[in-house]
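A.B. asks: Could you use the hints to bring the two separately framed chains together as a complex?
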Amino acid sequence: AQKITQTQPGMFVQEKEAVTLDCTYDTSDPSYGLFWYKQPSSGEMIFLIYQGSYDQQNATEGRYSLNFQKARKSANLVISASQLGDSAMYFCAMREGSVGNNDMRFGAGTRLTVKP
Amino acid sequence: DGGITQSPKYLFRKEGQNVTLSCEQNLNHDAMYWYRQDPGQGLRLIYYSQIVNDFQKGDIAEGYSVSREKKESFPLTVTSAQKNPTAFYLCASSISTSVVDEQYFGPGTRLTVT
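Line order of the protein sequences matches chains A and B. The opening position of the first sequence corresponds to residue 80 in the working numbering, with each subsequent residue numbered one higher. The opening position of the second sequence corresponds to residue 129 in the working numbering, with each subsequent residue numbered one higher.
Just chain B, same shape as in the assembly (with noise of 0.2 Å):
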């Protein structure tokens, strides 16, 4: 079956740590997305990827960092430096980034951090 993949659904970390999100996709689409949601809230774009090896930052980016070494796999790294960030995590994927590209949506991770 295709799909996207996020692992774990949660996450507990200590307040420091640095944490990484795994988000794996096997529906050959190029462009793949980190979305954070807040309790009651909209998605915030984090970072997005348009193809292997290059990504481009979204709104919200500071304390965040990713990689894009593989077609299948974009893994999102919280950092110490950012200030809050227990969240929920949705990771994404799209055909490409044309106009008529729906995005599809992995399970997402909560992420607690104390």
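Isolated chain A, as found in the complex (with noise of 0.2 Å):
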């Protein structure tokens, strides 16, 4: 069953403004961890934000801040301001906490254009 489910293949957004990334996820792990990348056209996986099942505030981090909802298993990527930078691929990830259940789940990712 897919645990982590990105349900825009692509998004598109006006620079300067804020854009959301929605991000789903199935577990019945009390303890588990919310990731998001970003992956530019060169590869490489970049770590943007973590939220934790047992968090109490939302997530920030600098323009990225998570809109963690999690009577809704949702774990949404606000990006605010965005920057021409920002186009990229993005996936959200989930690691369970459960003992043998170590690995690192990823979504189907979001396309996202930032346009000038």
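Read the hints as simulated data drawn from the structure, not as lab findings. Among these hints, one or two may not hold up.
Result set (DSBU-like, lysine-lysine): computed pairs, CA atoms no more than 35 Å apart in a straight line [to be verified]:
| hint | chain 1 | residue 1 | chain 2 | residue 2 |
| --- | --- | --- | --- | --- |
| 1 | A | Lys-194 | B | Lys-137 |
| 2 | A | Lys-95 | A | Lys-149 |
| 3 | A | Lys-82 | B | Lys-198 |
C.D. replies: Set out below in structure tokens:
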């Protein structure tokens, strides 16, 4: 079963505007971590932000914030004040905490294009 | 500078040949991973290793093999048994496999088999 779902294959946003990239996940493990990565055209994966299942507050890192809605099992990435350099693929990922289930699962990704 | 090195960036092989992709890290991380990425798709886990001399199969291990003889190194061999080996291969590492540990990625190797 798909553990991470990203329903937006592609998104467009105007430079300087905010954009939300959707991510829903599926787990019965009470302990898990959610991650967002950026993949520019060069191919390297760049870690952006982390949210733990027990964290009370939404994570923020500079222009990135995570809209964590635990009951809905969603972990949407919000990018504020978009820049041309934000154009890339964005992947949501999850790692579960139970013993023997230590790998990280990735969604299919969303391609973000920032328009000047 | 600490990081993950993958070499080469581009690799070309003839069908039927085994090929080994290199992955080295100097981050002192215990866990290392290999992913495959096909065009327009997400990452699929091939193998991962939590500690030296131990590794686990991921979702698509068939046709691949790995070794973890040293903490710093986790080479991936793409064997002739892999039906569609042409892909982008990413190596990653993390401090451990705890839920809080993000993975750090190398620059990737683009393998083309003809």
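A.B. asks: If a hint holds in the structure, say so; if it does not, say that too.
C.D. replies: Status of each hint after checking the structure:
1. Lys-194/A x Lys-137/B: 30 Å, holds
2. Lys-95/A x Lys-149/A: 29 Å, holds
3. Lys-82/A x Lys-198/B: Holds, at about 32 Å.
In this structure, none of the earlier numbered hints is contradicted; all agree with it.
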